[in-house]
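Enquirer: Chains D and Z, in that order, are what the protein sequence lines are. The opening residue of the first sequence carries number 12 in our numbering; numbering runs sequentially from there. The opening residue of the second sequence carries number -6 in our numbering; numbering runs sequentially from there.
Take these hints with a grain of salt, some might be off.
[Unchecked claim] Simulated pairs of lysine-lysine, DSBU-like, Cα-Cα distance not exceeding 30 Å:
1) Lys78/D / Lys223/Z
2) Lys57/D / Lys78/D
3) Lys223/Z / Lys56/D
4) Lys223/Z / Lys57/D
Because the hints were derived from the structure by calculation, they are not lab data.
Given next are the chains, with one letter for each unit.
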Amino acid sequence: MHVLAIDDSRTIRDMVRFTLEREGIETSMAEDGVHGIEVLEAMDKKPDAILTDVNMPRLDGFGFIEKIRKNDAFAGIPILILTTESARELKQRARAAGATGWIVKPFDPARLVVALRTVTGLR
Amino acid sequence: MADPMEEIRATFFEECSELLEQLEAGLLALEAGDQDNDTIDSVFRAVHSIKGGAGAFDLGDLVGFAHCFETVLDGLRGNRLAPTPDVVAVLLRSSDRLGDLVANARDGKTDPAAMPEDLAALADSLTNTDEQVGWDDSSDLDFSPVPIDIDPVAETTQTLAAPDQSRQVSDAPARVAFSGHWRLTFDPLPDLLESGNEPLYLFRALQVLGRIRTEVDESDLPPLEDLDPKVLRLVWTVHLIPTADDLTETEIASVFEFADDLCVLTITAEDSPVAGQSVTDRPAKTPPPATALTQPESLGARGKEKSARSSLSSTIRVDLDRIDRLVNLVGELVISQSMLAQSIGRDAMNSSSASASGLDELQQLTRDIQDSVMAIRAQPVRSLFQRMTRIVREAAQLTEKNVRMITDGETTEIDKTVVERLADPLTHMIRNAIDHGLESPEARAAAGKPPTGTVHLRARQQSDRVIIEVGDDGRGIDRAKVLKRALERNLVPADRHLDPYEIDRLLFLPGFSTNEEVSALSGRGVGMDVVHRAIRDLNGTIAISSTEGVGCTISISLPLTLAILDGMIVRTARQRMVIPLSAIIETQTVTAARIEPMGAGQLVVKLQDRFVPLIDLAEGMGFSTDRDSAEVDDDSALLFVQPEDMGPFALRVDAIEAQRQVVIKGLGDSFGRIPCVSAATILGDGQVALIVDPGGLMPSGSRPPHSDRFHQEVRMQ
């Protein structure tokens, strides 16, 4: 499995990478939505899933998902939101943007891995 | 570091310092009236990111505070709170506090201090009753699997559907052994696929729980010509025979966690075995529309040749130790290069020969490598200056003065070590400027000055040195008072006439500063002499210029790097030594100089229109010499040196050999601190030479006769 993780926090990127690579999941990283799209476009093979933060400079997580969902080249890639937000409307906003699911930070590593396996159908 | 979590933790704290800088810069911009959305967003994100990372490391104090802070910033972001000066002042104080909490968390300290009331009050005012301030990760998160109480024996059906229906959250009790199977019906909304949820994958995830068999109801499918592959018109029934007897409905429902608002799901426990066909453990069969969507091989994106790697980041982070090792190696390279040149005898070579031009090239390359390596260590002083804004704020608050800080030249770069070691001296200088330099608002008004005092922090590069200045527009140095105190403390003899420059420099004398005037800030028994020493340890010099009633500026001049020094190689007492070029003002041959005796054993020599003390370098360094110090030798020379913090004097050496860049090598801890030696170097022929600190050559004992440095200078007017 190959996951693209987008987060402006180096700490979170490191944690995600550590968590996923320990499970044998390959990871690519991007620092914000704009960067995420650049990385995505430059990839020869699309990632199996995308994990994105919400609050980021330049292009936030929702904006990123909306852009991805409008682009047929990336259709169907499961996108999980990784967020500290506990606001009630988060789920609706995530849904409206086209997110597949959400994981709350601080994340439980096992839960993150299970969620990724569920949405990708990959072990 | 073996433990990856420890490494990530270290990354977190590094990142925190960057975020704190970003936060502070943003808040200062806000304070300066730059209140656009980008500024507010960046401030919010800084706090948000600190909170996010802190949560990952379970740093409760930090998370709680950051959350409260974030609430207030979110108010700003949503225009529910205006960034008035009062609010920004609270935010600035809170950012200081956040910095303290980060430092505590890093050092594993706990801090009993509570949330600053002003921040908490702001947060409260923004929070209505159904939102809570404080970190509680169980609050309000609608992400828990949906537990459904069913009677394990009787057949019960629960429907999970209807987006946003309210749910009860409870701990699902452990199930008793369950021997039957589960029947699921999964009726997705037509737009399920648009969310990236894929029935096939969900069924695969179910297979982890047991063996499944799926049936598809395709009665709702439109005719082929009307088929839209993105619209789901299928209903599935899944029979699941769990691998584990204690599989709960909660666990099954959790597979559909992300789709639960996009489908109608029923999970039914049936205690009878699956009727009809045997359940297979093959992957569930899914209809073509879904599979067609799972791997949308896009050809369009393939044309882009941009490499993901190159766009990832333009910077890398490197352990400082590695750079230091590189710096050292390059130092060795410089030495080897010069040894090579010397042993081949570059000077005697035909300058057009291949070896000569090869050597020249090597020398040029070595120098370029050296510059490049030094540039790696260079850092803008910005972060240092930003730290000082806090010092200004605190000092202003404590002294109840209005202070404005202006910074200039923040992009000036200087060696990282120097930046770090400048923080304390600068802090002290700024506190002094505010405490002693700036007047109270009333006094300023009386003097016809604006009530807000200004502290100027400037940095600039001047050839191979960096100049950093701390200036204020306060009252300036009260020289009469300074002189009076110096006399009281016997720092100067009563009969000495000191010019204003000399009086100002008295401030740097050890013992000048006192504990008598313990103010909340600077009078802690740490005087400017400590600043002075810190700057000298960095091979820097310090100067002071003050105009009474107008203000005072202290400037520090520092070498760009601590690793290379331009020096004059001299010979004395059969030793070779290096005198820093920056300290030398003039050289003369002894024969041309006018040396006169003055008092017992003391010689003076004329430098322009005045006489300055003459010290024999060998004697000053404690080498035994068997010659009469008044004896004149043809080769011997005089170096007139003037360390920044004292008057000029002359050094007598046996010969001047060359002017050269040398690589500074520390003497190592075993030597302790030798007053007149700052470091050592390895010369081109492989010999070790000491680097002389001329400032330390002035003995405190019998010669020259005065104990005070300011008396070294003998005026002839």
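Enquirer: Check each numbered hint against the structure and report the violated ones by number, ascending.
Expert: none
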